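Engineer: From first to last, the protein sequence lines are chains C and W. This note's numbering applies: residue 23 is where the first sequence begins, and numbers increase by one. This note's numbering applies: residue 2 is where the second sequence begins, and numbers increase by one.
Derived by calculation from the structure, the hints in this document are not laboratory data. The structure presented is a predicted model; accordingly, all values stated were derived computationally and were not measured. Cβ atoms here follow ideal geometry from the backbone N, Cα and C, with glycine treated the same way. Please note that the accuracy of each hint is not assured.
To be verified - Label pairs and their in silico Cβ distance ranges:
{"#": "1", "chain 1": "W", "residue 1": "303", "chain 2": "C", "residue 2": "70", "range": "38 to 44 Å"}
{"#": "2", "chain 1": "C", "residue 1": "107", "chain 2": "W", "residue 2": "19", "range": "28 to 34 Å"}
{"#": "3", "chain 1": "C", "residue 1": "222", "chain 2": "W", "residue 2": "176", "range": "51 to 57 Å"}
{"#": "4", "chain 1": "C", "residue 1": "218", "chain 2": "W", "residue 2": "25", "range": "36 to 42 Å"}
{"#": "5", "chain 1": "W", "residue 1": "6", "chain 2": "C", "residue 2": "70", "range": "19 to 25 Å"}
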Amino acid sequence: MKSTGDPCVGDRPAVARHDDVPSDASVVERSWAEPDAFELLFHRYADDIHRYVARRLGPEAADDLMAETFVVAFQQRRRYDLTRPHARPWLYGIVSNLVGQHRRAEARRLRALSRVAATGSGDGGEALADRVAARVSAERTRAELAGALAKLPARYRDVLLVIAWGDLDYAEAAEALGIPVGTVRSRLHRARTRLREALGGSDPTALHEETEETGRG
Amino acid sequence: MDDLTAVRELEADVAPLTDEARFAARARLRRAVIQESRPGALSRRLMLRVAVAGTAAAAVAGGVVVATRGERDAGTPRMATLSAAELLHKAAARTRADGAGMPVPRGDQYLYTKTFISRTYVKDGRTKTWTDESWTSVDGSRPSRRQEYGKVHNDPPLGEHEVMWPPTEYTALAKWPTDPDDLLERLRMGQDGDDRTAFVNAIQFFAVPRVMPPGLEAASFEAVARIPGIRIDRGAVDALGRQGIAVSYPEYDFAFLFDTKTYAYLGLNVDGGTGEPVDGRMKLHDRYHELRARQETGVVDRVGQRP
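Given these sequences and hints, build the entire structure.
Structural biologist: And the structure:
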């Protein structure tokens, strides 16, 4: 285990002051003695977490994994670091782990997305109104993007997507994924470089070096 | 288009959470909640044995916040004039005098705790009791076994980036200040004058089992003594039927409980309730008063071993 010293001291307050709406941390703390209180977090974040999983794995998987996320979070609530007033990064950490158990499903979904859009571009053989052309172009971008996401190493994709889809900032992403902020920055940078290559096609051969990695780290 | 913007727009039109799925997910969470709070077979057996102590707690639970100044015998007049701060200083002196009761735990050992919980519902005086035994990995590197309201939970070791705060590890706690002013600063977490945070953290210090290095427990009581707004709730009886006196903070559910005569730390008082969220806040019904008595603690080498 890492040092259990007090790196958080002076960082942020542990719980809400006596404001009207209790902070996530104070809800978690309260749930220690009153487990029912945990339901507040569900109300606050169920939609958010569901949307994130739905984008990564599809709506059906999202129904299941969102529910699982809150059960796991509830069971681990005593490990919640009460110096963190917001529980979103913590929940994203849990859901990222769960999504990580479905890498193959995610890859399948992304490849399907890239194919759907790719066949869509075939419509271009018909009458090419500008509008249609624009749509086709957008679909092609989507396809390329989905294809590029599928090829990203899982650890890059996790960082990129908790930021782009989960709306976490760098510090929150670091907290969620349990990695240093510097690592968040470098992984995001590398992920974006690869996406740009895929979208711009500046160096298509570079992509072929990236086979999907299943390992984390 | 910017690559990050392109990613943000990808799958942005995904189907939202349906009411049906929301309901099912909430039901799953509720099941987990109920499973946890349902007393296991073990505590049900113990319930009979502890019924007597529970009754004693029930008798006072309703009137805990009401001072019974001067109404008690033996030493009560002395107690009546005692302020919360004075009580805490006496508690600090008491724990100093007790000295090193516990051996220094190694990181790879376990803290054994036996907690007696007595919960009395405000409305009808119903009482429930539990005796929880837990084995907590000192440095979090090993799986722990935690009993909560009778139910046993097997907790996996802490993850790579998980920590306990305040720390449970002895070596980490040994670096904590034993000067009450410095410790209060630490408990305030750098938030100048954040008394509530300080009180909450002080409670945490005792709610989760840990072996305190010499002077730290005493310093905690002295640090709490410096928090403005703390007050005494007389007339508390802990779950084991010991006469107690509580030190609480306004509008906070947890309070410290000390022995009326010896000033020894007995456990925690909790005012709680079951409830559900309404407009982002918990609406409590079925309020209860809970006494959590520290019955036994010790350092052992493995889960299941008792000191």
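Engineer: Which constraints among the numbered hints does this structure fail? Numbers only, ascending.
Structural biologist: The structure breaks none of the hints.
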